[in-house]
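Q: Two chains, two separate frames, one set of hints: put the complex together.
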Amino acid sequence: GAVVSQHPSWVICKSGTSVKIECRSLDFQATTMFWYRQFPKQSLMLMATSNEGSKATYEQGVEKDKFLINHASLTLSTLTVTSAHPEDSSFYICSARQPLSGRDSAQYFGPGTRLTVL
Amino acid sequence: GNSVTQMEGPVTLSEEAFLTINCTYTATGYPSLFWYVQYPGEGLQLLLKATKADDKGSNKGFEATYRKETTSFHLEKGSVQVSDSAVYFCALSHASGGSYIPTFGRGTSLIVHP
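Chains A and B, in that order, give the protein sequences. Residues 63 to 180 (this note's numbering) are what the first sequence spells out, left to right. Residues 1072 to 1185 (this note's numbering) are what the second sequence spells out, left to right.
Bear in mind the hints are in silico, worked out from the structure with no lab data behind them. Predicted model, so just to flag it, every value in this text is computed and none were measured. For every residue, glycine included, the Cβ atom is placed at its ideal position computed from N, Cα and C. There could be a bad hint or two in this list.
[What the hints assert, rightly or not] Per label pair, the in silico range of CB-to-CB distance:
id: 1; chain 1: B; residue 1: P1111; chain 2: A; residue 2: S67; range: 16 to 24 Å
id: 2; chain 1: A; residue 1: R176; chain 2: B; residue 2: R1138; range: 34 to 42 Å
id: 3; chain 1: A; residue 1: S80; chain 2: B; residue 2: M1078; range: 36 to 44 Å
Chain B extracted, bound-state conformation (with noise of 0.2 Å):
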């Protein structure tokens, strides 16, 4: 089945340091993939998105590239701020019955030092 996976958190940084969180995927045809950004005591937010091989999603400061042949899709930052710290999912969109039903990550935990 499909499945997607995330680096085990919390990940930790002080200010302006380099973000990766990892994230590969199993899935079969071609899956669309997000990443989504969960804020303390909120819902997820759509933080982007990729949905065919190669393509780079990217939005405030974030970006992940669709790597088909590694399956997978890093989210990368240049330098972190503290207003990033927050729970980050990996997902992918894939084709059930018609319909089309998402498969998240755990999620990985970030927290940014001044």
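Next up, chain A with everything else stripped away, as it sits in the complex (with noise of 0.2 Å):
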């Protein structure tokens, strides 16, 4: 089946850096991805969508200037997280869908990046 990677797994850093996480596509290429967004114990938050070779689309509220993607090839998307603090902390989980996919395809998730801003 479809694998989707992340990287890093957990990342803990200093309020007001920058962090970036990678989500990757390693056997089929990925013309589209989403980013969501995990709090405990509650469901995924679907931050945006992102497209290969043009801007993400965010969702309501979800602020474009903070939360960067990037989507540069078919088979890699990039979230970084500019400026982080404390509220951001959180899990962070990507998925694809195998191109030129239907309504029946399932996503493929990636493990999750767990996010701790000190």
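A: Given below as structure tokens:
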């Protein structure tokens, strides 16, 4: 099956610094990737849809200047949390769909990245 | 808009008990329906899916039937194991601007005791 990886799996940073999280599709090309945020014991909150070669589409309420998304290739999307603050601490998960897949195609999820901002 | 509603958790069961986790949805058109499972500290994994009315998805002893008349996709398992302890997410996939956007329920935590 399709495999999606994330790096790093856990990161601790100081307040005010920026953190980059990578999401890679290892055995397929993903024209679209999704970035989610998950708070403890809560559901996934879709942050943005990342499209290869174009700007990401952000969900309402998500600051595009704070959460920078770049989808430079068909196998890599990055999320950069700029000027991180403790309230940005969360579990960030990416997912991808296989290309040309229709509505019945599942999402393939990365293992998640736990960000802790001190 | 589209939405997914799941029963509140946690659901606590003894090993070998019968499991039902309710899921209902609201959607325009004909969405595909999914159940994902998240084990502690991990990302989500697809558990099963159904793409049209009356389809039954099944995997690892879990089953769910796409009921269009009741807009439901309840997850069931006849005999749960301790290793089934996880958070279960019901989801649907709908078309939006040429792409297919997933909508997730809030998740239901399952705790199985020996």
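Q: Each hint: holds or not?
A: To see whether the hints hold, each was checked on the structure:
Roughly 19 Å separates the CB atoms of B/P1111 and A/S67, a value that falls within the hinted 16 to 24 Å. For A/R176 and B/R1138, the hinted distance range of 34 to 42 Å is satisfied, since their beta carbons lie about 37 Å from each other. The hint said 36 to 44 Å for the Cβ distance between A/S80 and B/M1078, and at roughly 40 Å that hint holds.
Hint compliance for this structure: no hint is broken.
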